[in-house]
Each structure stands twice: as C-alpha cells, then as structure tokens.
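*Asks:* From just these sequences and the hints, can you work out the full model?
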Amino acid sequence: MTNRAELTRRDILKSGAAVASLTLASGVTLMAFGGSADAKGADAGKRWGLLIDAGKCDADCSDCVTACSTENGWGHGDHGSPETDPAWIRKVTLKEQSTGRTVSAPIMCQHCEAPPCVDVCPTGASMQRPDGVVLVDKHICIGCRYCMMACPFKARSFVHEPVADQKVNAPRGNGTVESCTLCVHRVDKGRIPACVEACEQAGHSAILFGDLNDPDSPISKALEQYPSIALRDDLGLNPAVRYQNM
Amino acid sequence: MIMRIALLLACLAAPVWAGDLMPAIPVATGDPHPEGNDYMRRNHMEMMKHDRDLTLREGDRDIGASLGQCFDCHAVEVAGEPVGYDNEQHFCRTCHDYAAVKVDCFMCHTSKPSTDIHRTMATADEPNSIAAYLTRVEGAEQ
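Chains as they are written, first to last, in our numbering: chain H, 66 to 311; chain G, 5 to 146.
No lab work stands behind these hints: they were computed from the structure. Among the hints, erroneous ones may be present.
What the hints assert, rightly or not - Below, computed lysine to any residue pairings styled on SDA-like, alpha-carbon distance capped at 25 Å:
(1) K203/H to C74/G
(2) K232/H to A79/G
(3) K286/H to M311/H
(4) K254/H to H54/G
(5) K286/H to P195/H
(6) K105/H to T127/G
(7) K219/H to R61/G
(8) K105/H to T124/G
(9) K105/H to S118/G
(10) K232/H to E130/G
(11) K105/H to N68/H
(12) K232/H to I207/H
(13) K105/H to K254/H
(14) K219/H to L60/G
(15) K203/H to N47/G
(16) K254/H to E62/G
*Replies:* Here it is as structure tokens:
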C-alpha cells in the first residue's frame with residue numbers, strides 16, 4: 066500500500082510535467098520532461114459525441130431512457146409531473162404538419178462546445194471537461210438554476226427532494242442541478258455510455274458513439290458522408306450530439 | 005478550564021469510563037493505513053477533497069482517496085447488511101457525531117459499499133468496452 070502522506074512532492078512534479086507537455090498537432094504531443102503518453106483521465110485531444118439516427122429510432126422504444134435511469138439512479142421517486150421530475154434523457158416525437166411524417170429521437174445534454182450553461186453559472190459548478198463533456202460539479206452547485214434557463218435543449222433537471230440510495234457512480238442530491246454526463250464514469254474506464262449499449266441491444270443501433278476529433282472514427286466518417294443536423298444550429302453552440310433523418 | 009482538567013483527571017483515574025466518554029470506533033478490515041491513524045484522522049477530508057476535484061473535473065478515476073475505498077474496509081454491517089448514514093452505527097457517524105461535525109457527503113453520495121462499480125479499465129473482450137463496440141460498428145459498415 067502506498068503511503069499517501071509522502072506523495073505530495075511527486076504529485077507536484079507530475080502536474081508540472083503535464084503542464085510542460087505541448088501539443089504540436091492533433092495526435093502529436095511533445096513531452097518536455099517526465100511526461101507520460103498515457104495520461105490519466107479526460108483526454109483533451111478527444112471530443113466524445115453521439116450521432117443519433119432518427120430513422121432507426123423506434124417511436125415505441127424507450128430502452129435508452131430506461132438504461133440511463135437504471136445506470137444513474139434517477140426517476141425512481143417520481144411524482145408523474147414532467148415539469149419537476151428529473152429527466153436526463155427524454156424521447157421526443159416530432160410531427161411535420163403538412164406531410165404527417167413523425168420521427169422519434171432521444172434528447173439529452175448536447176454537450177455543446179460553447180455551453181450557455183457554463184457561461185451563466187455564478188459558481189463555476191457548471192463546467193466542461195478537457196474532452197468536451199459538460200457536467201455539474203454538485204460540490205459547489207448552489208441550485209440557482211440559471212443553467213436550466215440558459216439551456217436551449219431543456220436538458221437539465223433540478224432535484225427537488227432528498228435522495229437516498231444513489232448509484233455509486235452517479236451522486237445526486239437535493240438542491241442541485243443534474244443532467245446527462247455522457248456516462249463519464251463508464252467512458253473513463255473504456256466503456257460505452259449506457260444509452261448506446263441499450264439501443265444496440267434493442268436491435269436499433271440508432272445511437273453512434275465516438276470521438277469527433279478522430280477523423281477515422283466511425284462517427285466522424287458518418288458525419289462526413291451523410292447529412293446531419295445540430296439542434297438549434299442557429300445558436301452556434303456546436304453540440305457534440307448530432308441528428309440524422311430528423 | 006478547571007472542569008476540563010477535572011474531567012481529564014477523572015478519565016485518567018478511572019480508565020473504565022473511557023468507553024463511555026470516547027467514541028466506540030468500529031474495527032476495520034484490511035491492512036492498516038501506512039500513513040498512520042493520526043495522519044488519517046487529521047487529513048482524510050483534505051485527501052478526499054483533492055481527489056474529488058481530480059475525478060470530477062479531470063476524469064482521473066485512478067485515485068488515492070475515495071469514499072468507496074473507505075467503505076471497502078470501514079463499512080459496518082448489522083445483521084449481514086451494511087448500514088447507511090441514517091444509522092448512528094455508520095462508521096463516519098461514530099466520530100462525527102462525537103465531534104459534532106456535520107458531514108454533507110451523503111446528501112449526494114451513497115453511504116453504503118457497492119459492488120456496482122468498475123475500478124479497472126475495460127478490456128477489449130468485454131462487449132460494452134469502447135474497443136469492442138468500435139469493432140462491431142466498423143464491421144457493420146462493411
């Protein structure tokens with residue numbers, strides 16, 4: 066067992082090494098001293114994203130919502146009031162008035178590159194990780210809900226009541242705001258988000274997960290080859306969640 | 005002050021009372037902390053605070069001090085079930101109730117040990133690993 070009381074100096078050196086590493090081009094990193102190529106944690110060279118194919122999404126299926134709720138432990142003490150019950154991910158059905166065509170797709174935090182929720186947060190609780198995932202630091206969230214008003218996608222929820230028996234990976238508590246975390250606890254350990262896994266298991270594979278910064282990743286290739294949209298593209302937020310066949 | 009000295013003397017004179025005056029700390033399993041108990045008593049909150057920011061903000065999950073790791077050795081079981089923070093036998097409460105220090109951790113975090121956690125990196129043969137997933141997706145494209 067390591068003696069953590071003696072780790073302090075090494076930790077400082079380690080963080081110094083991380084600062085001294087310089088990115089020359091995408092994928093090429095110069096380590097000035099003592100750096101290691103397999104840096105731990107969120108990789109600033111990556112940007113995780115989702116491509117949701119509404120053409121493959123079944124209007125009657127809500128497996129992604131169920132999987133998210135099970136994985137993250139929300140939605141079990143609900144009162145059946147959509148205005149106040151937490152919803153990290155929702156199924157939305159759209160109907161075009163003139164043709165009658167309906168499409169269904171899940172909507173969750175869009176993990177914007179320029180997130181309005183981070184802009185308006187007075188405490189710095191609403192934050193973006195180096196890999197682009199937008200999170201709420203509930204340690205310093207004061208529950209003001211500015212972020213909920215700023216979000217154009219209605220992606221965030223406020224916890225109105227005390228919570229018990231939370232999931233170990235998804236701490237959530239009364240008086241704080243919460244939203245989709247892109248299952249960072251899974252992604253950091255090399256696993257795909259729960260909604261992506263559930264959609265694949267349901268036989269739809271409507272949610273494609275991958276690294277938007279890697280031009281060879283399946284998601285980047287699909288975005289390059291086929292038409293897709295960003296929700297509220299007019300706002301210029303560059304979300305990491307994109308939609309096809311909407 | 006005089007009361008304190010009197011109390012101290014009383015404690016020294018009658019060690020039998022010590023059990024009533026001091027918190028009854030539940031016995032932990034596993035190896036003792038190499039830092040020593042004095043260090044842990046004084047610094048456990050700083051250690052966890054430092055690592056919580058690393059985990060949440062930097063995504064570094066290979067960390068030295070987490071609530072989950074405390075539970076590994078310190079969790080108290082009553083009738084075969086681990087107790088939660090609502091039970092005064094919970095190991096955090098034993099000292100914190102005595103010191104009258106309120107702990108906010110469990111407003112959001114679970115206060116019971118959980119096996120529902122991946123502490124190791126996924127290997128490519130696990131179906132829900134990113135590597136296995138990307139292989140499947142690329143296979144489906146061709």
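*Asks:* Each hint should be assessed against the structure and marked as holding or not.
*Replies:* To see whether the hints hold, each was checked on the structure:
1. K203/H to C74/G: Since the Cα atoms of K203/H and C74/G sit roughly 21 Å apart, the hinted pair holds (cutoff 25 Å).
2. K232/H to A79/G: holds, 17 Å
3. K286/H to M311/H: This hinted pair holds, its Cα atoms lying about 19 Å apart.
4. K254/H to H54/G: Given that 25 Å is the threshold and the Cα spacing comes to 20 Å, the pair holds.
5. K286/H to P195/H: holds, 23 Å
6. K105/H to T127/G: holds, 16 Å
7. K219/H to R61/G: Holds, at roughly 23 Å.
8. K105/H to T124/G: Since the Cα atoms of K105/H and T124/G sit roughly 13 Å apart, the hinted pair holds (cutoff 25 Å).
9. K105/H to S118/G: holds, 24 Å
10. K232/H to E130/G: It holds: about 22 Å lies between the C-alpha atoms, which stays within 25 Å.
11. K105/H to N68/H: At roughly 20 Å apart (the allowed maximum being 25 Å), N68/H and K105/H satisfy the hint.
12. K232/H to I207/H: holds, 22 Å
13. K105/H to K254/H: holds, 10 Å
14. K219/H to L60/G: Holds, at about 23 Å.
15. K203/H to N47/G: Distance of about 22 Å is within 25 Å: holds.
16. K254/H to E62/G: Holds, because 13 Å separates the two Cα atoms, which is no more than 25 Å.
The structure is consistent with each of the numbered hints, conforming to all of them.
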